[in-house]
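These protein sequence lines are chains Y and D, in that order. 215 is the number that the UniProt record's numbering gives to position 215 of the first sequence; each next residue is one higher, with no gaps. 218 is the number that the UniProt record's numbering gives to position 218 of the second sequence; each next residue is one higher, with no gaps.
No lab work stands behind these hints: they were computed from the structure. Hints may be right or wrong, so weigh each one.
Copies of one chain are not kept apart here, so a pair can be met inside one copy or by any two copies together.
SDA-like cross-link-like pairs, simulated, lysine to any residue; straight-line CA separation at most 20 angstroms [to be verified]:
(1) K283 - R560
(2) K570 - L238
(3) K137 - Y195
(4) K404 - T574
(5) K298 - T126
(6) K474 - E436
There are 2 protein chains.
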Amino acid sequence: MRFTSSPTQPFRLRRLLIHSLHLCSMAQPAAEAGRDAFRQAVANTLERRLFYTPSFKIYGGVTGLYDYGPPGSAIMANVIAFWRQHFVLEENMLEIICPSVTPKPVLEASGHVDKFTDLMVKDEKTGTCYRADHLLKDYCNEKLEKDLAMPSEKAAELKHVLAVLDDLSSDQIGAKIKEYGITAPDTKNPLSDPYPFNLMFQTSIGPSGLIPGFFRPETAQGIFVNFKDLYYYNGNKLPFAAAQIGQAFRNEISPRQGLLRVREFTLAEIEHFVDPQNKSHPKFSEVATLEILMFPRKEQVSGQSAKIFQLGEAVSNGIVDNETLGYFIGRVYLFLTLIGIDQHRLRFRQHLENEMAHYAQDCWDAEIESSYGWVECVGIADRSAYDLRAHSEKSGTLLVAQEKYLKPKEVEKLVITPVKKELGLAFKGNQKMVAEALEAMNENAAMEMKADLESKGEVEFQICTLGRSVTIKKNMVSISKEKKKEHQRVFTPSVIEPSFGIGRIIYCLFEHSFYTRPSKTGDEHLNVFRFPPLVAPIKCTVFPLVQNEEYEQVAKSISRSLTASGISHKIDTTGTSIGKRYARTDELGVPFAITVDSSSSVTVRERDSKDQIRVSVDKVASVVKEVSDGQKMWADILQIYPVHSSGSAE
Amino acid sequence: MRFTSSPTQPFRLRRLLIHSLHLCSMAQPAAEAGRDAFRQAVANTLERRLFYTPSFKIYGGVTGLYDYGPPGSAIMANVIAFWRQHFVLEENMLEIICPSVTPKPVLEASGHVDKFTDLMVKDEKTGTCYRADHLLKDYCNEKLEKDLAMPSEKAAELKHVLAVLDDLSSDQIGAKIKEYGITAPDTKNPLSDPYPFNLMFQTSIGPSGLIPGFFRPETAQGIFVNFKDLYYYNGNKLPFAAAQIGQAFRNEISPRQGLLRVREFTLAEIEHFVDPQNKSHPKFSEVATLEILMFPRKEQVSGQSAKIFQLGEAVSNGIVDNETLGYFIGRVYLFLTLIGIDQHRLRFRQHLENEMAHYAQDCWDAEIESSYGWVECVGIADRSAYDLRAHSEKSGTLLVAQEKYLKPKEVEKLVITPVKKELGLAFKGNQKMVAEALEAMNENAAMEMKADLESKGEVEFQICTLGRSVTIKKNMVSISKEKKKEHQRVFTPSVIEPSFGIGRIIYCLFEHSFYTRPSKTGDEHLNVFRFPPLVAPIKCTVFPLVQNEEYEQVAKSISRSLTASGISHKIDTTGTSIGKRYARTDELGVPFAITVDSSSSVTVRERDSKDQIRVSVDKVASVVKEVSDGQKMWADILQIYPVHSSGSAE
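Hey, can you work out the whole structure from these sequences and the hints?
Printed below as a string of structure tokens:
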């Protein structure tokens, strides 16, 4: 979840990209009305069962802030625990925890103080603020939808504006707002020109009011500023990855779309530091055969669809820049599908050239399809050496790695020696700038100049700091290659950054897990969340079939075993009917129900298949544990305990 | 971690109480110099091994902000995971997650906006800020220590100031600073009068700058504002507990004492809602026989020491107010000792009457002895109905519970009817205030007035809103009790709040776990952290005894099994000497080391005893898992795998 630059907006904030369905290449799953109804059905269930609710409701709430109630909070904890297992433990990552309160210089170095902004317009009379691009987008969409008499050129223009919206400058957006006569939605008052609004929550640290601080907009900076210590901790060896899970804060101008755009959210970020000369990955072969829906740059630009690629081929064909990036694409794919994201509604979209920062090597977003369109949930970026260099410069602490050679290496080094006397005669006061520009040439440029000087005697040379070119003659500079012995190589590592918006992933998981099925009597639709046991908020319920002391004691003893095994569960001895109990717990996504109907063995029912098996009282807790921990699948359990009765009998 | 009020400071912030050792009743474990040296040795090891480090170090750091490096971060995750198992899962608590960003009205209702302050003084020339009480305390301590010629009355006075420091008003502290001629420590400039500084980080929500917000100083308020939904989620039944683990923020004036006083920290808070008429606890018997070091109010006031009490007796003797409070004392004791806090350096100290808020029923702090003295790490408070009432009033949403009667109950209700005409004649314009004060009387006061009016015909009655008393005559008010049928009882639940400062607990755990032992050659002292396997950051290491392909493959296959079981470990194939490897990992508190010295079985060494056992390659991961999960103790393992060689042989 970072911002990158594009040619038109050199440091543009990377915003949540939700591709309108008319722009996306997948088949439309349903008409818009159907999608809205589906979203509303899911949202109603989620709010009613306290998966999440607007924060501070009794005080009228604050937009963009949500609470996770008990089931939502349990899913969050389960997703984070599995993330830790799947990434941190599997890869021996160095997990750290840094504060949210961050002093200004850190975020100046990262670019957030200057450039972490959205364009805002104000109602000139009431002062109400709006996102400038939202107003323009809403205007275009509404016109296209409702103004059926619109000439086709006009329609084409509006479609073009929608397509390039993210690339428009402040002035361009302002001009379009004026041209189209867009006014404040609530009052129809005129709007101010767009101006940038910084999205960080500002505060001041300490009592004097003199230390400005911000609440971090991402967790990554805490890792970068610790690079030196972490590299030392890792025995001064590359590659290694550091990780951080924590809260991040963005003071959105006008949050909408529920959990997808909020002012405070959980990020899980990995910074994998690697030698830029060697981005191979020793475990790449473990993911190379995965077949993944990918949407490379070429397919996007040429209007094609996302396609299934074998990951190994995507890397060997150069579609994905390097093995390490490819490895993380594979691991992210496995993570998302294991927690319950539908693999057919998950794609990896490559950033277009104009989406990427100038320093970025390659970027892929894991996008998940929801009722809002394709939602960017994980960003996987090869950010080259940008972040470490920025903090090296600002802090004065070198953030570099060394490769010590076993034997000293003989290397050819470029040596550029400007001849001061000649430069002084030719350029007087500009002498220094010309000399610096000559010294700053890279190898290619220098060798080209050497050749040109030798053949032609002089060359034109562009000096950026002067804003013009000058004529360099053969006697003004000596360019040569010299052999030197080097004992080590010192370099700034590249960083490959998978960054997970946990709340967005969970929201998409809600949508992918939700379905309805008819009740036994067929007169109502019952809601079900098909959460995999791994992330389900409650793993099982324990009910005595009838209210009697004996069954209740058995239920309590099963409950104690489940607790001892760390299995979250609900015990219900109220005597509600079996059907009602199932309906209630299906709606919470509880995968297993244990009904105590004898004192020696019990019935275990699986939520989606409604299969029922019989397990002895002393084994049932460990059966539920195995299948909740992901050690076994339900199908494995059925091998040992055959189906006793199935859903149709329920 | 809350603030309470005392008679002199009606809403005083409850500060970190670190009892200077000369005030505490336990035996002094070592001289101050020894304590400082011990603390320094622990801190050096912790920083060197990246358990924690000052945040933003490359930018010069910010006081009161710390990063947890990889081992510290792993301990934090393990402590939180066990907290969830021990409290949330065991008690079926409703865990929720609320944002840190909090709008002002919520914190106005809770009292934080007005009263969450520390007294500050400013250097009148440079503007540097200091905690007023710190300066006074430092002055007294230094004088007492260094001014050996001080008259005994003067010494007694300074000791008295130290003893009552927390109860002094702003004016009293200001007067003492003037009287003693205390100046700014760095410049010797004069100081301003003390004035309150609010400790919340302030910000503004949304782009308009019109919605003031704060970063929460505790997680509890998020639970209180959700009471209505949580009560509904719990089937409208009491008692139930809600819990929240998350970051909290306090803009300390001048943080010192490392991890013990920081500006951002992890709190884990429980709000147990209970019927005020029934604070019994069904599971109290499970903790009743615990023998715990307790320091009741009576013992403190009379200058006695903390004593061992059996928890059941402490409750039945009324030392602890009720079973629910007692139950949590027992559960907190178990939690802390299971993660590795030394039971002999853990005490439960009851708040003195003047420490408690006026609304609090009873409060006990779990205090852990460290090199800084006794540190408050967990507060366990019966806060009565205060918080829910405050939010009910401010928000206008009733936060109450109902008890429905099976049969309607006949109840006697107090009826107070002021006689308006007579009051008007007697009190003219004050009539309304007198009438309201009469109606607001509680049952005792009303029945006493009724008796007095009947016997004497008139009584003096204090009217707070008038600031004086008036004479009430028999004809001015009718007081009676009437019988009514009621179908339910509506009441505000009491809340019992155990609140854990996780960072402080972890810091104390570091100190309690640290020891040194001589190296094999006896010429140096090696550092060890004796973390229990449950919380140890890394559970085991895997080393091939010698560098060869076969052992390396065995080591890798053990590593894969450990990863699959979720066991954090380090694999080291560098060929460093066994002694050095042990020294390095003992210092990280790694409890088990697996040395691969054959391809069929391996040696497992336990950190503290240095016992070594032999286990077959295919069983070793599950052995380490059992003992890391807390399912088995090392002693249990020794029953199955007898000691092969012990420390002396190492």
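How the hints compare with the structure:
For the homomeric pair K283 and R560, the shortest alpha-carbon distance between copies (13 angstroms) is at most 20 angstroms, but the shortest distance inside one copy (41 angstroms) is not. Proximity of K570 to L238 under the C-alpha cut-off of 20 angstroms is restricted to the inter-copy arrangement: shortest distance 16 angstroms between copies versus 47 angstroms within a copy. In this assembly of identical chains, K137 and Y195 lie within 20 angstroms of each other by CA distance solely inside one copy; the values are 17 angstroms within and 51 angstroms between copies. For the identical chains of this complex, K404 and T574 are inter-copy neighbours only, at 16 angstroms across copies versus 70 angstroms inside a copy, given an alpha-carbon limit of 20 angstroms.
Proximity of K298 to T126 under the C-alpha cut-off of 20 angstroms is found in neither arrangement, the shortest distances being 46 angstroms within a copy and 62 angstroms between copies. Within a single copy, K474 and E436 get their C-alpha atoms as close as 17 angstroms, which meets the 20 angstroms cut-off; across copies the closest is 102 angstroms, which misses it.
Going through the hint list in order, the structure does not satisfy hint 5, though it satisfies all others.
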